[in-house]
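With the hints as a guide, bring the two chains together.
Those protein sequences? They're chains A and B, same order as listed. Under the numbering used here, think of the first position of the first sequence as 1, with each following residue one higher. Under the numbering used here, think of the first position of the second sequence as 1001, with each following residue one higher.
Check the hints yourself; a few may be wrong.
Listed next, with one range per pair, are the computed distances between beta-carbon atoms [to be verified]:
1) LEU1106(B) with ASN62(A): 35 to 41 angstroms
2) GLY79(A) with ILE1072(B): 54 to 60 angstroms
3) ASN1105(B) with LYS38(A): 49 to 55 angstroms
4) ASN49(A) with SER1059(B): 27 to 33 angstroms
5) ARG1042(B) with ILE52(A): 42 to 48 angstroms
6) GLU37(A) with LYS1098(B): 48 to 54 angstroms
7) LEU69(A) with LYS1074(B): 45 to 51 angstroms
8) ASP1197(B) with HIS68(A): 26 to 32 angstroms
Just so you know, these hints were derived from the structure itself, not from any lab. Every residue gets a Cβ at the ideal spot worked out from N, C-alpha and C, and that includes glycine.
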Amino acid sequence: MIKIKFYSLLRLFLEQKEVDIDANNISVLNLLQNISEKTNKNLLDAIANNGILIPGTIILLNGRNIHHLEKMDTIVKNGDKIDIFPPGGGG
Amino acid sequence: MDIFSRNTKFWGDEKQKILANSSILIAGVGGLGCAVAEILVRAGIGKLILIDNDIIEISNLNRQILFDQNDIGKPKVDVAKYKLKAINPELKVEVFKKDVSELTNLHLPHFEGIADCLDNYESRFILNDALKDNQFLVHGGVKNDFGQITTIKNEVTQDLKQIFGEQNDEVEPGIIPQTVITIGSLITHEIINNLFDKPLLLNKLLIVELSDFSVFKINLKK
Chain A
1 MIKIKFYSLL RLFLEQKEVD IDANNISVLN LLQNISEKTN KNLLDAIANN GILIPGTIIL
61 LNGRNIHHLE KMDTIVKNGD KIDIFPPGGG G
Chain B
1001 MDIFSRNTKF WGDEKQKILA NSSILIAGVG GLGCAVAEIL VRAGIGKLIL IDNDIIEISN
1061 LNRQILFDQN DIGKPKVDVA KYKLKAINPE LKVEVFKKDV SELTNLHLPH FEGIADCLDN
1121 YESRFILNDA LKDNQFLVHG GVKNDFGQIT TIKNEVTQDL KQIFGEQNDE VEPGIIPQTV
1181 ITIGSLITHE IINNLFDKPL LLNKLLIVEL SDFSVFKINL KK
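Pulled out of the complex, with its shape left as it was, chain B reads as follows (with noise of 0.2 angstroms):
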């Protein structure tokens, strides 16, 4: 029995190395990317590389879950790196306090794949721009009780900027737990099927609504 006996029970050794042998970049380590990281450490990643620039403040306790109390005023990467260590030791993590706009300037490991998980459009088209043709990013967004996710990959799919276009960056909209943790697990699925080379959300919008648990796909034309 090890960590991850369960998993391969449903997907078998060779996917466990895949998950094991692969790298995620992280960028935002909020809502979304508490929930994308410690699902993914759950999963088997054998590294991930965590961005972001912030510290732990109490508004951020209603949905940060990998934060408490006695985290409050610390960096987020410092102390998500200690908690998705104590979930699994063998985890390789670099963190990087940094906001996404130094991306270009920062000396980052390799990696397959990105998760956005970032609260704003400008960083979010910042981050796409960063993307390297043998790379995924997936993104995901959330506000009050719904949320979107794709996958982006150059040449194949549209980029963040044309399918979204103008954004007006709303500050500190609603957002409440279960939507956040609900979008994060869905990106986080959608990042390992893109490891297994199967992405579902390639050229597909996925609207997940909880007022009513309607789940929509509008389809992108590249």
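Extracted from the complex, chain A is given alone in its bound form (with noise of 0.2 angstroms):
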């Protein structure tokens, strides 16, 4: 089981604070497809374009930022634990 965690803005816009896909070796793009499917909200649209990561959404796999591993070609493992979260910029 992958558990993924939403915050703030993804959590008011997919309704939930988790969902958990039951899945091995996926990419991070595989699973946020799995995501947008299971919540019937499409997630990958609204943090992605044409599959590319939009600036501005931090996706965490087990502590570290996919954006300095394989982005969203990161592969997750079964019992991995994703946060997405798009952090407040403003002081």
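This is how it looks when you write it as structure tokens:
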């Protein structure tokens, strides 16, 4: 099981705090497609454009930003934890 | 009785002395910076170094609690210094009316830690690069009715660029006063935790959402 948690604007958009996806060795892109199907909300289009993550949302795989891994091609395994969060930039 | 008598009733004279002997660099004297500076002064910090290049505008007054109508058009750092010293005349304040991009060219005095109260990630990454091994940085950022906080230390945590990756800085996002003052208070609490050598947000990203009073901690991996 892959556990995905959502925060702030995404939590409001998806109307849920977390989702479990039963999968192993899938890309982040595929995972987002699975989440979109499961939640019936188009998460992928909300945070990505043509399969590329729009700057402004961070996706953490076990506490590391996928931007510094293989981006949307990063492989997610059974038991991994994903956090998706659009951080506040203002001060 | 002195200004800090109610503080020492809680944390004692020794910790009050640690604060009195400490210096914090506040980068950005906007919504977060005003709240952090004022709370640090009321907590008993000995010295503040303020960096901000802006002047006070009318649209700042919804959240920048050190400023009022009489201050419009004046440099933020100068007004902040005046207001903060009015709370505690013994406070030492050094001000730099400069942009953070000029940080490496400035001759800054000694400080224990940095409060990241900036309003864009490009500047935050520059600020993080200036962090020395014996210092800490407490990051805060806000938007709408939520915000996040974490402590950064070289060799102990990821840096801000590793955590936040690529960010498009939104020009003037919606920010309401209760969000910025809440996050500013929590940044200050973590700064004081660091000064007392007990940081709670190393390798943790605290997310606070006022929409339903939710608080989350995401574990970050070094």
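| Outcome for the supplied range 35 to 41 angstroms, where the beta carbon pair is LEU1106(B) and ASN62(A) | Holds, since LEU1106(B) and ASN62(A) (Cβ atoms, about 38 angstroms apart) stay within the stated range.
| task | Please test the hint of 48 to 54 angstroms on the beta carbon pair from GLU37(A) and LYS1098(B). | result | holds, 51 angstroms
| Given a hinted range of 54 to 60 angstroms, is it respected by the beta-carbon distance of GLY79(A) and ILE1072(B)? | holds, 56 angstroms
| Does the Cβ-Cβ separation between LEU69(A) and LYS1074(B) fall within 45 to 51 angstroms? | Holds, at about 47 angstroms.
| query | In this structure, is the beta-carbon distance linking ASN49(A) and SER1059(B) contained in 27 to 33 angstroms? | reply | Hint holds: Cβ distance 31 angstroms, inside 27 to 33 angstroms.
| query | Measuring from beta carbon to beta carbon, are ASN1105(B) and LYS38(A) in 49 to 55 angstroms? | reply | At roughly 52 angstroms between Cβ atoms, LYS38(A) and ASN1105(B) fall inside 49 to 55 angstroms, so the hint holds.
| query | Falls inside 42 to 48 angstroms, the C-beta gap from ARG1042(B) to ILE52(A)? | reply | holds, 46 angstroms
| Lying within 26 to 32 angstroms: is that true of the beta-carbon distance ASP1197(B) to HIS68(A)? | The hinted range 26 to 32 angstroms holds for ASP1197(B) and HIS68(A), with Cβ atoms some 30 angstroms apart.
Violated hints: none; the structure is consistent with every hint.
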